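Using the sequences and the accompanying hints, generate a full structural model.
Line by line, the protein sequences give chains A and B. Position in the first sequence (first residue = 1) + 8 = my numbering. Position in the second sequence (first residue = 1) + 156 = my numbering.
This list has only true hints and no planted wrong ones.
Restraint-style ranges between C-beta atoms, simulated for each label pair: (1) A:E433 x B:H365: 20 to 26 Å; (2) B:Q299 x A:P405: 47 to 53 Å; (3) B:H365 x A:R20: 33 to 39 Å; (4) B:A187 x A:N25: 44 to 50 Å; (5) B:V167 x A:L424: 24 to 30 Å.
Covered by chain B, per the in silico footprint, the following chain A stretches (three or more residues, Cβ under 8 Å): (6) 16–29; (7) 338–349; (8) 353–360; (9) 421–435.
Bear in mind the hints are in silico, worked out from the structure with no lab data behind them. Just so it is clear, the structure is predicted and the values come from calculations on it, not from any experiment. By construction, the Cβ of each residue, glycine as well, lies at the ideal position given by its N, Cα and C atoms.
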Amino acid sequence: MSLTNTLLTALRSVTANKLRATLTTLGVIIGVTSVIATLALGNGARAAVDANFRFLGSDQIQINAAYKMKDGKLEAAGKKLTFEDGLLMTEAVNLIDRAEMSIGGSVKVRHGRAALDVSFTGADADALNTLAAQSRVQPVGWPEGKKLTPEAFIARGRSFTPAEALAQADVCILAYQTAQDLFEGDEALGEIVWINRRPCEVIAVLTELEPIDPDERNRSRVNDGLFLPISTAIRNLYEEEPSVNIIAHVTDPNRMDEAKAQIAEYLRQRHTIEPDASGAYEYDFRMTTKKDMLGAQQEAARTFSLLLTALAAVSLVVGGIGIMNVMLVSVTERTREIGVRMAIGARRRDIVAQFLTEAVVISASGGVLGIAAGVLSIPVAATFNKDIVLFDPRSIPLALGVALLTGVVFGLYPALRASRLNPIEALRYE
Amino acid sequence: MIIETDGLTKVYRMGNTEVRALRGVSLCVQAGEFLALMGPSGSGKSTMMHVLGCLDTPTAGRYCLEGRDISTLSGDEQARIRNTRIGFVFQTFNLLPRLTALENVALPLLYRAASRSELPQVNSRPEPRRRASAAIERVGLAQRAHHHPAELSGGERQRVAIARALVSEPAVILADEPTGNLDSKTGAAIMRLLVELCGEGRTILAVTHDANVASYAHRIVHMQDGQIVE
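In structure tokens:
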């Protein structure tokens, strides 16, 4: 019998028992939904890392001072990660060609009678490059997909020079709202503001920015704050030497582990860290790469993912057994029909094809319903944790494939059983 | 000669006892003949019909259909013989309840379409439908072609079954108690239809224990204890 006729016959037979078929598909529906959810979870974990660590390129290592809990308070685990540690790193570690440094906090800034508490970023000359590369914010009304450049963030003025960044120059860049608030609409460029009682020249004002993600636009205050050269920030805003954040750029992304080992070696010497009795080192700094973050995030998603995979497997097996059961009942009910079909010339393979197609039609409908349920459930799941759940379009063909496979695997035995009936006995069956 | 059997023997086991259903049956049926195979139950006439219908293989002996020895064919080859050379008419009609009369009639042709390389003549799509319509018209049921079996009377159902047997232009139509589930008047009409078909050159072999039915045949063969007795 031709494929079309086999399919039509199967559809007809399945729709003749709608309720039975629907109940049978339930296991497959749950299984396929779980498959979609599992993949959405893994995909979401990956996307969350991509989004949260976008600024951390795959050729970069983030280095921070380590902290530990002592008497309920967080304190430095050892020596601080100093400005000098960062400055000398490029020289000492040959796999590193650049070490970007930054520091952040909040500070009081005044102009005339206006005074504000704002967040500050102490950064090097690449500060705006970093801001552009983070891509979490963009100028208001920035065309979608257009590449962000550091210049696009500056409304008026210029960025720090590398010399200013190193030489504690008394210059600063004000964010859009901060400039508005301090100068109440007057021109800020070239004026002096007082940051922690030190005068500072405003060399640039940023354009009005907004988060790229529309969901974040109401929450964040991206237009408040100011930028200082990191050397200036350290001198003016801290009583004692602070720890800085370092992002080290590795020359060869294939040698990340090697670069990490070199950095560890370099900082171990600078911080004079000695091995303990067992030869292990207790570092007072932490290194993070995108790969590390991905691993950690996926680890978090893995437990839940595993649970869903188990649910998928169990429901598909249960669903498959349900299909097998219904098909066995169907074969018994239709013994006479099988006899008639054999008598008028159906070959064994025609009978196998007929019943196998029926099983697959049932499982495929379960698959389609399951995919629908899975796709619809993702927005619901996303309201609980947006970062973890992200629909993966590739899960559709996979889920459908799993459903079809379930139909074939569990439909085979009933179909073979039907084809092995003796036509004479089948014709006599009451 | 359409059918020629030589010393057909069929032995099968039922539990521990060996049943010799056929004990060397030699039978010849000529083209265009209407033959009745009579005998009481257990005489072996049903087994004979199953062997002749390629639903069963003989334990020993030879069976030639249209001059071709088909006693030792594989399952698929047997299915093809049933599909193309043999038309079955059953006592209980055996129509598929979910299909219309026309679809029931066309069913053998659909199974044939699968092996289109072997039978290119039914390659074109409307062919099965056209032939099924012709067959259903031949048995006088053109008006009822789109009814389901449940909406048809017993006599009409048997006519549909006869149309299904006719549709593949078989070498022989095997009718197993064709009037067994019909009242005498309807049964007589069915027998007259079979006689008409025979008159059109078809070979018909009816298996029955009813002398009335047998009286329509050109020739009656009696079986008893797995052998032909006269």
